[in-house]
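A.B. asks: Build the complex: two chains, separate frames, hints provided.
Chains as they are written, first to last, in our numbering: chain A, 5 to 411; chain B, 165 to 271.
Think of the hints as simulated: they come from the structure by calculation, not from any bench. Relax, there's no trap hidden among the hints.
Below, in silico cross-link-like pairs of lysine-lysine (DSS-like), each with a Cα-Cα straight-line distance of 30 Å or less:
| id | chain 1 | residue 1 | chain 2 | residue 2 |
| --- | --- | --- | --- | --- |
| 1 | B | 167 | A | 346 |
| 2 | A | 334 | B | 167 |
| 3 | B | 167 | B | 224 |
Treat the numbers as computed from the prediction; the structure is a model and nothing was measured.
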Amino acid sequence: MTLIEGHRPITPATGIPVWDVNPYDEAILRDPYEYYARLRELGEVVYIPRYSVLAVGRYATTHKIFADHENFLSSRGVGLNDFALEKGWRERSIILEVDPPEHTKTRKVMARVLSPKVMKTMSDLFRDTAERIVDQIIDQGTIEVVADLAEPYPTTVFPQALGMTESNRRYLVDYGAMVFNSVGPDNALRRNSLRNAGEIIPWITAACARERLTEDGMGAMVYADADKGEITHDEAGLLVRSFLSAGVDTTVTGIGNALWCLSQNPGEWDKLKADPTLFRPAFEEVLRYTSPVHTFGRTAGHATEIAGYPVEEGTKILCVLGAANMDPDKWGDPEVFRIDRKPVGHVGFGAGIHGCVGQNLARAELQALLTVMLERIDRIEPAGDPVWRPNNAIRALDKLPLKLIPK
Amino acid sequence: MVKVTYVDAEGAETRIEAEEGDTVMSAAIANDIDGIVGECGGSMMCATCHCYVDEAWAEKTGPRMDGEDDMLDCAASEVTERSRLSCQVRLTADLDGLVVHLPAEQI
Numbered sequence: 005m006t007l008i009e010g011h012r013p014i015t016p017a018t019g020i021p022v023w024d025v026n027p028y029d030e031a032i033l034r035d036p037y038e039y040y041a042r043l044r045e046l047g048e049v050v051y052i053p054r055y056s057v058l059a060v061g062r063y064a065t066t067h068k069i070f071a072d073h074e075n076f077l078s079s080r081g082v083g084l085n086d087f088a089l090e091k092g093w094r095e096r097s098i099i100l101e102v103d104p105p106e107h108t109k110t111r112k113v114m115a116r117v118l119s120p121k122v123m124k125t126m127s128d129l130f131r132d133t134a135e136r137i138v139d140q141i142i143d144q145g146t147i148e149v150v151a152d153l154a155e156p157y158p159t160t161v162f163p164q165a166l167g168m169t170e171s172n173r174r175y176l177v178d179y180g181a182m183v184f185n186s187v188g189p190d191n192a193l194r195r196n197s198l199r200n201a202g203e204i205i206p207w208i209t210a211a212c213a214r215e216r217l218t219e220d221g222m223g224a225m226v227y228a229d230a231d232k233g234e235i236t237h238d239e240a241g242l243l244v245r246s247f248l249s250a251g252v253d254t255t256v257t258g259i260g261n262a263l264w265c266l267s268q269n270p271g272e273w274d275k276l277k278a279d280p281t282l283f284r285p286a287f288e289e290v291l292r293y294t295s296p297v298h299t300f301g302r303t304a305g306h307a308t309e310i311a312g313y314p315v316e317e318g319t320k321i322l323c324v325l326g327a328a329n330m331d332p333d334k335w336g337d338p339e340v341f342r343i344d345r346k347p348v349g350h351v352g353f354g355a356g357i358h359g360c361v362g363q364n365l366a367r368a369e370l371q372a373l374l375t376v377m378l379e380r381i382d383r384i385e386p387a388g389d390p391v392w393r394p395n396n397a398i399r400a401l402d403k404l405p406l407k408l409i410p411k
Numbered sequence: 165m166v167k168v169t170y171v172d173a174e175g176a177e178t179r180i181e182a183e184e185g186d187t188v189m190s191a192a193i194a195n196d197i198d199g200i201v202g203e204c205g206g207s208m209m210c211a212t213c214h215c216y217v218d219e220a221w222a223e224k225t226g227p228r229m230d231g232e233d234d235m236l237d238c239a240a241s242e243v244t245e246r247s248r249l250s251c252q253v254r255l256t257a258d259l260d261g262l263v264v265h266l267p268a269e270q271i
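So here's chain B without its partners, still in its complex pose (with noise of 0.2 Å):
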């Protein structure tokens, strides 16, 4: 299991626990985390499942996927370097302990 916390816009953490191969999106949906919409169901093409990764994992969440920029242009909240579609963050045993925080609005 991967344990995944999530910070909504105002502060609040739900931590929750998924699995290897899940992605920041799909553990959001499973478990109902507000805040998380992922309309295109992790087809990349809605940019409404934007989150910032914790500066403390940037570097493990690694870089953004191909084509992953054009759609976060499309996102409803403000894009900054630490924005992912979090249906492209996909979890290992590496992101165990991963933070991700929320943005305000997603469409």
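So that you can see chain A by itself, here it is in the shape it has in the complex (with noise of 0.2 Å):
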């Protein structure tokens, strides 16, 4: 059988609706509004002919079929390649692409490593880097956000954290790019972010090595979970990995979102400025408008139903996180952007078993950096336009130039 991006092609129940688009396609996703809308109308799940996968957009399907890991797996890839049909692109993750009860165990040793309370005793080194880099942009008037902020801020805090003794700003950006771009189809943003694999893989295979680590990191936590037999000690390897994979890219991306949201909307910057403690609903916030990740798949591991409408096995099914977190049915007025709107619920992080487990980490990161600029800097204002960097799975600036105002 012919297969379609790695999956076994579908027949669509009688009465989904068929809309040939490609969700891919790097207009859309440097301008995805349009085409969320278009999906919420069309139905409650919708069939792509080019790439013969079901995607779901409106938010109480879309949370309904990311959060059932029993229905729809995420063992099978959360991308379009089907893992019972075909190898991945690299050794598969064990906590992003595998079900319970194998997930169970290493979801619990990244939850126990990334919970509120091992943050807290980063604060430190959250904030005096902070300070460190805002002190250096802070005069300068005018700063490109994505290479003067939100890419050295991550590249500097992370592998500290994390415990690494070597870091490469650019090879850790450039594989969580790959990591998500692979998510998506053989076009040419995968292929491009997969030509340096050869060169990066190896380097980050290594970085994961225990003695490459630091012994008072994250990396060595996991290492010592692995002594206590909780996991092998190959399996803490890759989960150092999947902080590398997934650790990187998307704080990058939520930083240099934040900032896109607040300077497009003084007025909620004036609000987080006169009270900081609003900073926890404001970063749900900027989760819900933007979705970082904006969409991942699952597989049906058996023939079920989504919305009444029989689904057959391997299918494929696109969640677009993006398009749920914009569902007026659930958010009323979801154009807007509104710091006090405590989005619980939103799919930003995901939902459910594979809800992001380093959220707390990016919390953190994020937390430590806007208190900085909000204690320093009175009003940030656009100084032309942003550009969105495509990915196939990430929505990412490429550049957002502002203006900084120092108090």
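C.D. replies: In structure tokens form, the structure reads like this:
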């Protein structure tokens, strides 16, 4: 049988709307909001013939499928390739791309290492680094957020928090982009990202080894759990790799997106400046409003159904998280960015047992950085049009020129 | 429908009706119960939906889930043997009438 993007083509059930769209078209990835709206409008579930997949974008259905790990598997890949039929481009992740009971064991180890408690122990590192980086840019007048702030900050604090003895900013950022582009089809984005795989993957693999890590970072905590027998030492190495896959590009994106939201909505910046305790709901609203991970997939593990339509085993389902986070039926006025919305239940970090395990780290990094900025900067103003960087799974900025007006 | 009563740290009671399959956390959010934050949305990553199951219901709600102890360890208020993360308590017909108490602080 001929596979489409590494998975078996399906015959959609009668009644499922068919939409001849390419969700990975670069124009859509740069500005996805019309695509999100049309996807929701067409129905609970839509068939996309180009890739022979189903797609969901209404909040309730998307949330339900994304959290239903019994019917909709992660172990067959969260992209278009079905790992049951074809080998992936790298050794599979033992936390992202597995189901219970394997997942339960590794998740527990990672959740413990990334708990709010452990993050508190790193608050000085996050704060000190934020001060240093903000001090460097504050008098520049105009900055380019991605290059001057969003990339330098996580690529400085994250390797230290993990305990890497040797870091490489470019490799870390590019590896993240590679991982996330690879959940999409075999398009130019994915091919270009994978072009440097031969150079980057060996570096990443080597960086995960125990002897390359300090004894006091998060990496050492993962290896300590291997010493206790909770996981094997090989598994510890693969979990450290998960930090590198999902811990850098995502926070770079989160910082850029947060500053984009706040610079476009000066009233919200002022509210946050007046009451920095609003950081927590503000952060959730940034995630809802921008959906840094816009699309992840699941695979039907057996014949099942979505919204009453039969779904055949092996069906790939694109869960368009960005569309769900902008669903007016759920949010009322989703197009308004409001830092005190408290959008509990948004799917910016996913949902259910696979919900982002690094979310406390993301929260802690962004809180430290924004707190320092709000203390020292009176206003931020757009200094040119933002440019988005298309990626098959991530909605990130490529360039965001901003004017900083210090206090 | 499953009835659930939330008793806040001051002793004020709010009774709501939820669907079977909801969690004690998601039902609280849907009904604007103060005192349950549920920041991570139910992925057991944050300990801001901490509750104390009323003694009379402890047996029916069952034991803690795998990994729940570790996260409860991060809770802002005192953790007792009746402490649960309310996102891990799923409502069934058996739990109709459930009473949970809320801690003074979640963050």
